[in-house]
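So the sequences go chain by chain: A and B.
If you use our numbering, the first sequence closes out at 403, no skipped numbers anywhere.
If you use our numbering, the second sequence closes out at 365, no skipped numbers anywhere.
I should point out that these hints are in silico values taken from the structure, not numbers from a laboratory.
Predicted, not measured: the structure shown is a model, and the values here were computed from it.
Pair ranges (Cβ atoms, derived):
1. A:R62 x B:H168: 18 to 28 angstroms
2. B:A110 x A:A131: 33 to 43 angstroms
3. A:A77 x B:H155: 38 to 48 angstroms
4. B:L103 x A:R62: 24 to 34 angstroms
Stretch by stretch, here's where chain B covers chain A in the computed footprint (C-beta under 8 angstroms, at least three residues):
5. 293 to 305
6. 319 to 330
Every residue, glycine too, gets a C-beta built ideally from N, C-alpha and C.
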Amino acid sequence: MSQLLPFPPRLPLGEGFEALNTWLKTHFGGVFDTVGAVIDWSVTTLRDFLTDPQAAQLTALAALVLAAALVRARPVPVLTVVGTATALYVAQAAFALGNTLVNHAPPHLFLWAMHLFGQDSVDANLVIGIVALAALAAVAAVHRVRLPLVGAVTGGWLAAILCGWLLFDAVPGVIAQPTATLTMLLLTALAWAVAGWRLGVFSLVALTVVISIEQWDNAMATLALVLVASLIAVLVALPLGVLAAYSTVVSRVLKPVLDLMQTMPAFVYLIPAIFFFSLGAVPGVVATVVFAMPPGVRLTELGIRQIDREIVEAGEAFGAPPLKILTGIQLPLALSTVMAGVNQVIMLGLSMVVIAGMVGAGGLGNQVYQGISRNDGALGFEGGIAVVILAIFLDRLTAAVARRAPQARTATA
Amino acid sequence: MPAVRANHLYKVFGKRASQAVTLLSDGRHRDTIKDLDVTAAVIDVSFEVQPGEIFVVMGLSGSGKSTLIRMLNGLLPPTSGTVEIDGTDITALSRRALRALRGEKISMVFQHFALFPHRSVLENAAYGLEVRGVARAERRERAAHALDLVGLGDWKDHLPQQLSGGMQQRVGLARALTADTDIILMDEAFSALDPLIRRDMQTQLIQLQAELGKTIVFITHDLNEAMRLGDRICVLRDGRVVQIGTPEEILNHPADDYVARFTEDVDRSRVLTAASVMEPAAGADAADWERVEPDAPVAELFQRVASCDGPLAVVDEQDRVLGAVSPTAILSALAAPEDAVPAPAGGERREEARR
Ligand SMILES: Nc1ncnc2c1ncn2[C@@H]1O[C@H](COP(=O)(O)OP(=O)(O)O)[C@@H](O)[C@H]1O
Ligand SMILES: [Mg+2]
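Take these sequences, add in the hints, and give me the full structure.
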């Protein structure tokens, strides 16, 4: 009798998981390295932009916003400008072509810019950006499309540049952290424009608090991490949600997987994340993506499924192909629900940052984690408060975007 | 060649659909195959719609009207049977060819309007042309023209939610008109509207039809509406065709009790025309009688027949006398015909209508 196996026998579940990971890493190590490098680059770039925005980056951003706003109305000129600017940026990055051009241009053309930005040489990237921005604004002006938006963006860009000049050159020394203040003002303006004056005022006050407790750079590192993680999560969740909305089978298969992803203690993700991506921001981002993605999938599916059947039928009845129905009818009408999902993704992402701090992801999570390990209550509290402020800011901002999206839940019968 | 031809169409929802079709084609009622766990929505429906005709499908809720109309443009594939559009069997087409055919030949107006809430009225109206790849300027111009036609020229840049129900359905109509297809399918297009607005829309549809000569398949649960709009009416009951005929045929020769009970609620004076109630006027001296056209509804004759001494003369375009309309003729025509079986009891009828 004693030879009988005990029941139930020990199931090597954990070992299997480990073996799978090892197998994946040995066979697809290159893929993980590439993904890791891309994530790392994105987080670093975004963090650098948020902690120390350059005029050239701001200009490129403004041009990008204009291009996105205008591309549907006037695709040919807009795409020409964007293509030319991109080519010039690449040429500048690769062969410093822009510098050559700028140095051969008549000097007084750029003296004003040098003066304005207090530099002793002209930034070719800035020049490319300004030319692209001006070209796009001209396209809009000539064709009289979306003039209010174009005015707001170019005006905002000018204001930001002027603001930078004021902070750095006009009143040097008065503002303790001019770069932080500049970003803070930009974020405040964004909040004001998207969600109204209440959030604008809140941002102004609350983000100033973050600066004054000297957590700004950490907060921006966390913001960069959360934004990159949320972007990846949404990019994965959106197609999955669409598939689940189209196919009941996919929906049924996904449901338990999503449940598992969401309820598994978040710490558990860190172990394989470190195994694949070693320490740093990348495993933090990956663990955050896994943990934060499920509501994105669920709400995308819900958003598409709840669209009035007749409206989709109307698209079909006029002969629209499936892709046009998806992009022209279903996604726009699901947008408010999808945005509610994005909002949840971001909130869950923020709730992961402290845990991500444990694996060296940096930012506020690191501060809190240090507070714990050094028994430093003040540090922990300040880090925590900054997380809360970021959370409120992001929550209200995305909620406002969701509110603006068109509603499609008309009466069904 | 008929514009639309339905050929022994069946639509059965459920796993054992083809088995159900076999049983149903033997004449079984759809309630007797409940144990197959299927829903037989449309059973053995055949009809032809001629170009330029308004063909109305009438039936109570759940009688399979929406399912039927969705098979006509291929939104639903039939379980059995074929649909021909201008002689093309659309059930044999590939998805791509079917989409192309819809874009070119058939557009649709929906019960709850089904406008795209994120597009302006003009963009809604232009949708069909957009799908077909017509250039932006041209499609906007044509959509604007259709909106003018339905009287919404000043609302182009509004969003659908900013419009009243009647106006929204006009946008739905303009969207179908802009697509410029010969055939328009209308699924209870006016049912969600208030009675007065519904009447306006019916009038407008009749006028548009007179101008544009579209082929219209119109669905309704309201026999009055069917009588008002239809050149011919197809009455559906529990998925099967009970009768197909002109409004007068349905009114005067209902195929069975079921149709007869429906016709009781119809305002006969609006369906019957001078020609259908007139008596022979052979030999009578009709020279100084008042003249009426043959297709004048009886409702418009009351006043005139009451205010003159003799009968009214029904005359054709050459002023030839076709017959005479007297007060007695009108009264006897308004009474339900003898062969139309009266309803047993009011209570039972109402119950039927609710079901
Ligand atoms: N997709 C479907 N799956 C199952 N049953 C359906 C489906 N669509 C309609 N039915 C059923 O078919 C019958 C006819 O429906 P419908 O064509 O919508 O009727 P009507 O438009 O005349 O009210 C109803 O019993 C309905 O429940
Ligand atoms: Mg219906």
